[in-house]
Amino acid sequence: MESGDGSPEDFLDVLNQRLSDVSWASNQGLEAIPKRLEEFEKQGLTGICHHALESLGTKAGKNDIWRDAYRTTGILEYSLQKVKSGTTASLAKQHLRVIGNSVADNDTNRSVALEALESLINCIWVEELTITALGAIFNLCYDYPPGENRAAKLRLDNIVANHIACNRIPESGIDTAGELIALTSESLSAPELVDDTSLSTLSQLLDAILPPTASVETHPARLPIDQILELCAPYLSNNDLLLKLPPSEAERLLNILWETEPFDPAAQRALYQALNHPLDKQDEESSFRSTRLLINGICAISATEAFSRTYDLQSAFMKKVTSKVLSLSLEKDLSLLAPSTICACTILGNLAISDAVCIEMVNMDLHRPPIRILSTSQESALLHVTAGLLRHLTFPRHNRERLGNAGLINSSCRLLLNPSPAVRGEGAAILCKMVDDDARHTQQYIIEIVQDAVLTTPTDPPHQPTILEFMTNQSLAPSGPLPSTSMKSVNVEVGKAIVAMLKCLINTQTLDLGLLHRMYQTPLLAEPLKRLARQQIFAEARSEAIFGLGLMLLSAEGAASFLAGEHDNVALVDSLRSLFAAESGGNETAGVQLQRDRKNVLVVISGLWKHGADIMDTPLKKRVEALHSELAPFMASNEQSVAE
Numbered sequence: 007m008e009s010g011d012g013s014p015e016d017f018l019d020v021l022n023q024r025l026s027d028v029s030w031a032s033n034q035g036l037e038a039i040p041k042r043l044e045e046f047e048k049q050g051l052t053g054i055c056h057h058a059l060e061s062l063g064t065k066a067g068k069n070d071i072w073r074d075a076y077r078t079t080g081i082l083e084y085s086l087q088k089v090k091s092g093t094t095a096s097l098a099k100q101h102l103r104v105i106g107n108s109v110a111d112n113d114t115n116r117s118v119a120l121e122a123l124e125s126l127i128n129c130i131w132v133e134e135l136t137i138t139a140l141g142a143i144f145n146l147c148y149d150y151p152p153g154e155n156r157a158a159k160l161r162l163d164n165i166v167a168n169h170i171a172c173n174r175i176p177e178s179g180i181d182t183a184g185e186l187i188a189l190t191s192e193s194l195s196a197p198e199l200v201d202d203t204s205l206s207t208l209s210q211l212l213d214a215i216l217p218p219t220a221s222v223e224t225h226p227a228r229l230p231i232d233q234i235l236e237l238c239a240p241y242l243s244n245n246d247l248l249l250k251l252p253p254s255e256a257e258r259l260l261n262i263l264w265e266t267e268p269f270d271p272a273a274q275r276a277l278y279q280a281l282n283h284p285l286d287k288q289d290e291e292s293s294f295r296s297t298r299l300l301i302n303g304i305c306a307i308s309a310t311e312a313f314s315r316t317y318d319l320q321s322a323f324m325k326k327v328t329s330k331v332l333s334l335s336l337e338k339d340l341s342l343l344a345p346s347t348i349c350a351c352t353i354l355g356n357l358a359i360s361d362a363v364c365i366e367m368v369n370m371d372l373h374r375p376p377i378r379i380l381s382t383s384q385e386s387a388l389l390h391v392t393a394g395l396l397r398h399l400t401f402p403r404h405n406r407e408r409l410g411n412a413g414l415i416n417s418s419c420r421l422l423l424n425p426s427p428a429v430r431g432e433g434a435a436i437l438c439k440m441v442d443d444d445a446r447h448t449q450q451y452i453i454e455i456v457q458d459a460v461l462t463t464p465t466d467p468p469h470q471p472t473i474l475e476f477m478t479n480q481s482l483a484p485s486g487p488l489p490s491t492s493m494k495s496v497n498v499e500v501g502k503a504i505v506a507m508l509k510c511l512i513n514t515q516t517l518d519l520g521l522l523h524r525m526y527q528t529p530l531l532a533e534p535l536k537r538l539a540r541q542q543i544f545a546e547a548r549s550e551a552i553f554g555l556g557l558m559l560l561s562a563e564g565a566a567s568f569l570a571g572e573h574d575n576v577a578l579v580d581s582l583r584s585l586f587a588a589e590s591g592g593n594e595t596a597g598v599q600l601q602r603d604r605k606n607v608l609v610v611i612s613g614l615w616k617h618g619a620d621i622m623d624t625p626l627k628k629r630v631e632a633l634h635s636e637l638a639p640f641m642a643s644n645e646q647s648v649a650e
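Under this note's numbering, the first residue of the sequence shown is numbered 7, with each subsequent residue one higher.
It cannot be assumed that every hint is accurate.
The calculated DSS-like cross-link candidates involving lysine-lysine, where the alpha carbons are at most 30 Å apart (straight line), are [stated by the list, open to error]:
no., residue 1, residue 2
1, K90, K68
2, K326, K338
3, K338, K509
4, K48, K159
5, K627, K616
6, K68, K41
7, K48, K90
8, K250, K325
9, K90, K159
10, K616, K628
11, K250, K326
12, K627, K509
13, K90, K41
14, K330, K250
15, K338, K325
Since the hints were derived computationally from the structure, they do not count as laboratory data.
Could you build the full structure based on these sequences and the hints that come with them?
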């Protein structure tokens, strides 16, 4: 097969004969092929070139022995050069086949072809070459780190996303396109994954589902939505990127979610299971992952300042959201709701950032369906965000009577029995806010019995707990760790609620000794405060707890309630001694808090000695007496009143 020997037809016959005999792969019988093909192309014999390249590409795809031969005889290099320099679309397609099949699972050939990757990517823009180019690029880059890294630098993900958005990739190529986007995004650096190109990539993929100015009904996606959402996954799962998206993307994502979320009860339960346990993602179905990422994306965007500046309750988008929530009032059973309800409640909660907006929401009756959700749903993901919304609505005192009358207090008590620490914390936070400087609800907590519907098991009438006793018991119950330190802790929130009630009752303007007496009769009342006073994680909560203990120990009755518990009071006294001796480390803010804590420690120790010395056990009495003597010089110079 020498240059210039035989007719073009003879050339093809000889080529096919040699390609049918693998022994030629190790002989010197293929070196002339590139030169002969170049001659034929110059003579306009593109048909001969096409057939020859087609045979070469097919053989490389079927038997890997030819791949090394193509490299050593210059065939691979020839095809790479032709793709770089340009040729007809028909021949370029065959060159891409030769390249793609030659580099499959062959890192040596990949290293040769890598410098031509940009030229291969440029072929994607030619309609006739798109599918073949995607395949060649995939074979070059997949499971080959240098190729993946180079593709990332060339932002192959953005180019492929553009083609998907413009419907330039047929369905037969979408899987390969998705693999290329995935391998590219995995190789992006952290800054690259959140840069403007990544924003553009995600936006273009969403365009393929739903252009910003269209609706799902008027613009059905040409490709399956689930497939495109899978391509969005690397970007939707990056919270830093989500926070850079414009607020309008939350609207688009929610419209997509409304269209794609499951309505079959079994599928909804399975999806909620995935949402309730977000860390268990190993066996997560792709459709569930897509829905979860949509929900997370919507919630993240709606939490930005830009979102709250863009939308209010009168905007068209928010009217759709509020309409969805209000429509739940017509449902008889709210125990199983569409997962998009999570987004609706989150969006409303993120907008409820001022008293005026919170009051407007309650005036619109937007609190009623969420309260029913708290009373009926078992889904922790939904309960957590719904409780968060309602907690925001409790901030204006103007709202609290209506919220209480609508059943919020007992619904929140129900949350304290939920197995999710985050849900329990939000329930406790609502109960805490409802008694903040609120005498009416303080009295309700002390006097009223928890409704039977809240309790998981019936109790005998003599043992039916008040709301306050129920809260206290639940704060002392075993609980798992919170997924995030930013979440509300049931221990902290119940402790804060007890302190708020003490402040309300001991306030000189509203002093109610009878109600305070009933409060001190609550079993284990001081135990949540003692726990908080000893822990080292939440400094502010510790200060609040010591302040509350100081309030209790201003009277003999409060001291009796303090000593009636089961806590290790000796250890508590020792921890207070250590806190009093602590240093602020030069931090001004910490120094102010430490001074406040020291003053309240003095009140606690003084009150224990003054009002409890006769009723405490001997070990505790010795410890308190010793510390009281040690701190006596400081007590003489400090007025004995608690410091808020």
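Find the hints from earlier in the document that the structure breaks and name them by number, from lowest to highest. 3 and 4
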